[in-house]
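Colleague: Each chain, written out:
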Amino acid sequence: DSGVTQTPKHLITATGQRVTLRCSPRSGDLSVYWYQQSLDQGLQFLIQYYNGEERAKGNILERFSAQQFPDLHSELNLSSLELGDSALYFCASSVLGSSSEQFFGPGTRLTVL
Amino acid sequence: QKEVEQDPGPLSVPEGAIVSLNCTYSNSAFQYFMWYRQYSRKGPELLMYTYSSGNKEDGRFTAQVDKSSKYISLFIRDSQPSDSATYLCAMIPITQGGSEKLVFGKGTKLTVNP
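Chains as they are written, first to last, in the numbering used here: chain A, 1257 to 1369; chain B, 677 to 790.
It is worth saying that the hints were derived from the structure and are not from the lab. Fair warning: there could be bad hints in the mix.
To be verified - Here chain B is said to cover these stretches of chain A; the calculated rule only asks that three of the stretch's residues, wherever they fall, bring their Cβ under 8 Å from a Cβ of chain B:
hint: 1; stretch: 1285–1299
hint: 2; stretch: 1302–1316
hint: 3; stretch: 1361–1368
Said to hold, decoys possible - 20 Å max Cα-Cα, derived PhoX-like pairs, lysine-lysine:
hint: 4; chain 1: B; residue 1: 743; chain 2: B; residue 2: 732
hint: 5; chain 1: A; residue 1: 1313; chain 2: B; residue 2: 743
hint: 6; chain 1: B; residue 1: 678; chain 2: B; residue 2: 746
hint: 7; chain 1: B; residue 1: 732; chain 2: B; residue 2: 746
hint: 8; chain 1: B; residue 1: 718; chain 2: A; residue 2: 1265
hint: 9; chain 1: B; residue 1: 785; chain 2: B; residue 2: 718
Think of the CB as a built atom: it goes at the ideal place given N, C-alpha and C, for glycine as much as any other residue.
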């Protein structure tokens, strides 16, 4: 158990809908990362937050957005969902500045029908 | 050319074999190197982390980095059926702004047969 929690475990929804994925980092970790894993693309970095502020953006679509709250949990919002958005979404956390070790949560499996 | 190349396998070995997993990279900015293990439908689990050229050992696992050749390896000694998983190499580039986003290889699927 990495100490990173993600909810829900599974999400099944329809095209055009909007969903929210939630992540709680390990105790003491200030940095949260979101990754998308699909069969053809592998694990792709989406976005990073550090202590409530956006730190870096990767291959994140404009339909996707994220935020980190004062209690350091993070949410990833996916809107206008398409079939191709079906994937595993992972959250990771780390203590930025003292370690580059990122610890991953169990993931949310999103299925768009 | 992808930033990180990793042979997807699959790789099948008998129990007790020495396993060698490899990744090559093209971006000289990569300075931190990691190996993750991912069991089916689970989150990646950090196995090894290193930032310098040379070898780092942890139990049955040895991580090797050759920055001059842009090549990293993970060796598993006395492999066990429980080692059956997908192994992902990952790297962090040094960038302005201090972002620590991981860039992953596609992963190598390993099966260790009893």
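Colleague: Now, for every hint given, state plainly whether the structure supports it.
Modeller: Okay, the hints, checked on the actual structure:
1. 1285–1299: holds (count 5)
2. 1302–1316: It holds: at least three residues are needed, and the stretch 1302–1316 of chain A offers 4 whose Cβ sits within less than 8 Å of chain B.
3. 1361–1368: Since 4 is at least three, the answer is holds.
4. 743/B with 732/B: holds, 14 Å
5. 1313/A with 743/B: violated, 26 Å
6. 678/B with 746/B: Roughly 13 Å separates the two Cα atoms, so the pair holds.
7. 732/B with 746/B: holds, 17 Å
8. 718/B with 1265/A: This hinted pair holds, its Cα atoms lying about 11 Å apart.
9. 785/B with 718/B: This hinted pair holds, its Cα atoms lying about 14 Å apart.
The structure does not agree with numbered hint 5 stated previously, though it agrees with all others.
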